[in-house]
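> Make the full structure from the sequences, and use the hints.
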Amino acid sequence: MRRVLFALAGVAIFVALWEGYKVVGNPDGTVLFGVRVLPRADDLSMPHLWTVLQRLGRPELTGGRPVWIVVLQACAFTLGITAVGFLAGTVFGLLLAVLMQQFRIVERGLLPYVILSQTVPLVALAPLIAGWSGGLSFGPYPWADWMTVSVIAAYLAFFPVAVGMLRGLQSPAASGVELMRSFAAGWWRTLVKLRLPSALPYLFPALRLAGAAAVVGAVVGEISTGTRGGIGRLIIEYSREATSDPAKVYTAMLGAALLGLIVAAAVSLLELPLMRHRRRVEVVTL
Amino acid sequence: MSAVVVDTVTKVFNQGRPDEVVALADVGLTVADGEFVSLIGPSGCGKSTLLRLIADLIAPTAGSVTVAQKTAGEARKQQAYGIAFQQAGLFEWRTVLRNVELPLELRGMSRARRRSRAEEMLELVGLAEFAGHYPAQLSGGMQQRVAIARALAVQPPLLLMDEPFGALDEMTRERLQSELLAICAKTGTSTVFVTHSISEAVFLSNRVVVMSARPGRITEAVTVDLPVRDDSVRQSERYFACVTAVRRALRGGNVSTPRTEEGVEV
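Top to bottom, those sequences are chains X and A.
One point on numbering: in the working numbering, the residue at position 86 of the first sequence is 86, and numbering is uninterrupted.
Just so we're on the same page, the working numbering is the position in the second sequence counted from 1, plus 1000.
Keep in mind that a hint or two might mislead.
Claimed, not checked - Which stretches of chain X does chain A cover? Using the computed rule of at least three CB atoms under 8 Å from a CB of chain A, they are: (1) 4 to 16; (2) 169 to 177.
To be verified - In silico negatives: residues of chain X with every beta carbon more than 10 Å from chain A: (3) W68; (4) F92; (5) P112; (6) L200; (7) Y202; (8) A257.
No lab work stands behind these hints, which were simulated from the structure alone.
Glycine included, each C-beta is placed from N, C-alpha and C at the ideal position.
Below you can see the structure in the form of structure tokens.
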């Protein structure tokens, strides 16, 4: 209940800031020494929020479907791509983390490249992946455009998982590891009984980051590969109409924000049952 | 029959490197079946190292360790000993009962059997009613009792303890000492117990093994023959005499101890 109230308060503060700035801000923006330090506050750059909401209800083009349906459909399309990329990236990140934990040499050899991988500009990567994978096929299913986008989402998502999970797998104290050894537990059982449970508090924040990264990867990937049907494409299409219909592009951005929320909610749903015993508890003294 | 035989063991850490440390040099130790032996000495004397060698958590550089007529490695793989550290090291995501079940689980014991065994062990350490609690809900002393129950769960012939009461307050410590003695008497377990505390070593042990540092070696073994082990014995002449003997040994046998110190509180 409290959390719902806090969330609503957050929305209210955002609305107040946005509309407040529109009231006090200079319509042409504030320019200091030739540099624009505050954005334009006119209706073209910052449409009223209710205009954006109204725009959701009106048809996309004259006589077409209402914008909200188009945005939701695009969201669903991109959500599928994001989910595939998020899952693939998470699995890959987990495997990397386990490998790096088990073999010091892998950690030392690989970790710098894992970090380096995130500095490669995504926009440069998209055509490369599309080019390399063009001839691939899974049995009767040829490589599709959306798969390229998923790979890009996975490419962004694996990083926080790999780094966070590595920290988590390394978190058990030496005494815990020695204890498992004294129980004659090998590598696998130490992993399952000790390292994985210890890593959970590190895994979930990493999954949140990975979820957000997967959404960004999917949206940017759609744009740079020119994949049709998703929210990324919609943002590009609508932004072309920004001068005549400024509220439209914000509806697509709302859709992208919704995607992020859905992914974050999915992670929380997974976290609740697994972490329910980690809450702060009262100490019994005897 | 001896529970533990340590035969001229040497342990060198970081051998061949500039930070080489000789932790133990030519150490020999035999623990008889059912015997309670304490290892005592200044920090860095290698008493924890010796315990870890017996537990096969580290390997000796030279010499051999035999536990229950097997090599230390085989003994570990057969869970022939239970171990407890200064930090209880309970798994916070498991209930108390499931923590005690852990070694049994790793042995492949059936769910019903390990449950009843773990309940029995919690009964032994007086925590039966806390089976469903999580470790974070228990005080330090209770956590340490759970750790002891866990160490005893496989009913090992040997119990290894590395300053298990070191982090506890004096009152809890003395109560747990008495409890530990009762448990050892009941189960017939041999025990190797590492401690900093002279009084603790004397109260618990049949034999107190005194070690010195750089390089770690055994300098003396003081046999403690107390008639009974209850709280009254902590005030007895015999007890103080043993405490003095251990203290003297710790200071290096030939340094004479002032007369007045005998019988002084430890």
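> Decide, hint by hint, whether the structure agrees.
Against the structure, the hints come out as follows:
no.	hint	in the structure
1	4 to 16	violated (count 0)
2	169 to 177	holds (count 3)
3	W68	holds, 43 Å
4	F92	holds, 26 Å
5	P112	holds, 26 Å
6	L200	violated, 8 Å
7	Y202	holds, 13 Å
8	A257	holds, 34 Å
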